[in-house]
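Colleague: Given chain Z, put chain X in place with the hints provided.
Here are the chains, one letter per residue:
Protein chains: 2
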Amino acid sequence: MSDSVTAFAPASIGNLGVGFDMLGLALADVGDRVTARRADGDGVRVAAVYGLDGEPHPYLSADTNQNTASIAAAALWGDKGGQSGLELSIRKGVPLQSGMGSSAASAVAGVVAANALLPEPLATEALLPYALEGEKFASGGLHADNVAPSLLGGLVLCPTVLLPRTVNLEVPDGVSAVLLHPELSVNTAHSRRGLARGCTVEQWLAQQGYLAGFITACARSDIELIRATLKDVIIEPQRAESVKCFEDVRAAALASGALGCSLSGSGPSIFALVEDRHAKNLAVCMEQACRALGIDCQTWISPMDAPGARVET
Amino acid sequence: MSDSVTAFAPASIGNLGVGFDMLGLALADVGDRVTARRADGDGVRVAAVYGLDGEPHPYLSADTNQNTASIAAAALWGDKGGQSGLELSIRKGVPLQSGMGSSAASAVAGVVAANALLPEPLATEALLPYALEGEKFASGGLHADNVAPSLLGGLVLCPTVLLPRTVNLEVPDGVSAVLLHPELSVNTAHSRRGLARGCTVEQWLAQQGYLAGFITACARSDIELIRATLKDVIIEPQRAESVKCFEDVRAAALASGALGCSLSGSGPSIFALVEDRHAKNLAVCMEQACRALGIDCQTWISPMDAPGARVET
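Respectively, the protein sequence lines represent chains Z and X. If you're matching positions, the first sequence starts at 1 in this note's numbering and goes up one per residue. If you're matching positions, the second sequence starts at 1001 in this note's numbering and goes up one per residue.
In isolation and in its complexed conformation, chain Z is listed as follows:
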């Protein structure tokens, strides 16, 4: 058995616009890495947190009780009888407070790495509750729409009422996600506290109808039905104002062939779904609209069936 394991867990688009707190999509090629090493003692601790540049991370805490990777890994390690102590090195690839599931990616990578060092590693699906322990610390609520896609990959339905059960949904053929991360930051927990605590029956039924239609549209690769249903009439209007590039980027996306465009998680990142052949052009148009406001940004293009977390050899 190896004494050191590195796991990668991808960033993700929480809510995916139409499915607040219950729908999430994994992103390809952007995520966090956690290396777990056996160590003296019997607890989990954080040895170091690095940024993408390989330097110690300027903001993130190496306090074991404050980092989602170690909180999640410790929950698993303590529960499943991990032998020895465990030391985690975290390399952040996901920007903080970006709406890209940064805290979830760390939690998932931490759990997946720790799991690989257990005497009897659990199946991937069984790791969800432990990863959620970390996410709960960061966001203050029990929702799996970043943790589940980061762990399992693809498009995941994960309503709180069904947890720990989640459902990997069928994704449409020929559709990609474009994600734009503007250089702004939004605090998820703070953003959640600002939301209204109720909605009208009309809002509920509209949103529920869109989600039900969207899931069916994805399973049938029905492009026009995706376009008709990828909408958020309850949460987006409450959050869009705090992301000052949102309206411009969204308008540019819809004018460039996006099937729909909304906030990723609580923002400030913005995502669009689009037919593959328009994806590159769409990313350019969204970037231009953002930069025109003097806001720097970065975009990623991802298939809708991006893989979830894995141990790297």
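Calculated from the structure, these hints are not laboratory results. A few of these clues could be false.
[To be verified] As a list, the in silico DMTMM-like pairs of lysine to aspartate or glutamate whose alpha-carbon atoms are at most 25 Å apart:
id, chain 1, residue 1, chain 2, residue 2
1, Z, K244, Z, E183
2, Z, K136, X, E1202
3, Z, K136, Z, E236
4, X, K1136, Z, E202
5, X, K1280, X, E1247
6, Z, K280, Z, D296
Modeller: The following block gives chain X in isolation, referenced to the frame of chain Z:
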């Protein structure tokens, strides 16, 4: 071209518990029949309304402006240039104010019969807006969860925000619906007025999560996921009290293998979904529970892919 056409349109389970105002299921072998005959003049009128016993119906109006069959047929006939007048004879097979989509079945049968006498009949799907005209008169709102399954058959997703678009969903293998109609009556329009106008975010997300899970479960024939998701946490608690046999019938259903049990439409009818092999026994148990309260009742067992409206030769 024939001068007389009879159309049958089935009863249906509105809401199907988990999808208030947006999910409906057609029932087999119970419905209304409308015979349309060319007549002098140029309008649509009701010649007669009969009950199942062949006698004139004791309650239903033969006033063309008060009957959903003629209102719906007239909307189509006027819009699409029906030649001559049209005389409708209506045979009610669906009990009134039963929660079985009685007004919708009449509206659909009326439209389908009239359509067959048009110079250029429309495709079935295109009849939905006309049938909705009749339903709107009866229930006071624009919701298609009875009209759409009665017209199209099977399990239909029909959120108001997507109308006139509807989606026939995949139904699970080996699952039947059992419907119990107790001898009680509930007025739909009145029942709607009593509903709360809002819900909490928690209620919205729970219900939306159940619906999303249920649709996926049906498409995958995932019996346990159907069991976990066939729930109504918002509307049923507001209506159950007014159907005095509900709690007993529901308890009997769940004890006899039902995957879920709720009100059909606004009640008083009660439906359950169940694996085919338990359907007959379930129907008996539900009936017994109802009769034990001194309430007479009738049950139907229906596959989930029952056909929609059709012209009878």
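Colleague: Give a verdict on every hint.
Modeller: We went through each hint and held it up to the structure:
no.	hint	result
1	Z:K244 x Z:E183	holds (11 Å)
2	Z:K136 x X:E1202	holds (17 Å)
3	Z:K136 x Z:E236	holds (22 Å)
4	X:K1136 x Z:E202	holds (17 Å)
5	X:K1280 x X:E1247	holds (20 Å)
6	Z:K280 x Z:D296	holds (18 Å)
Checked against the numbered hints listed earlier, the structure breaks none of them; every hint is satisfied.
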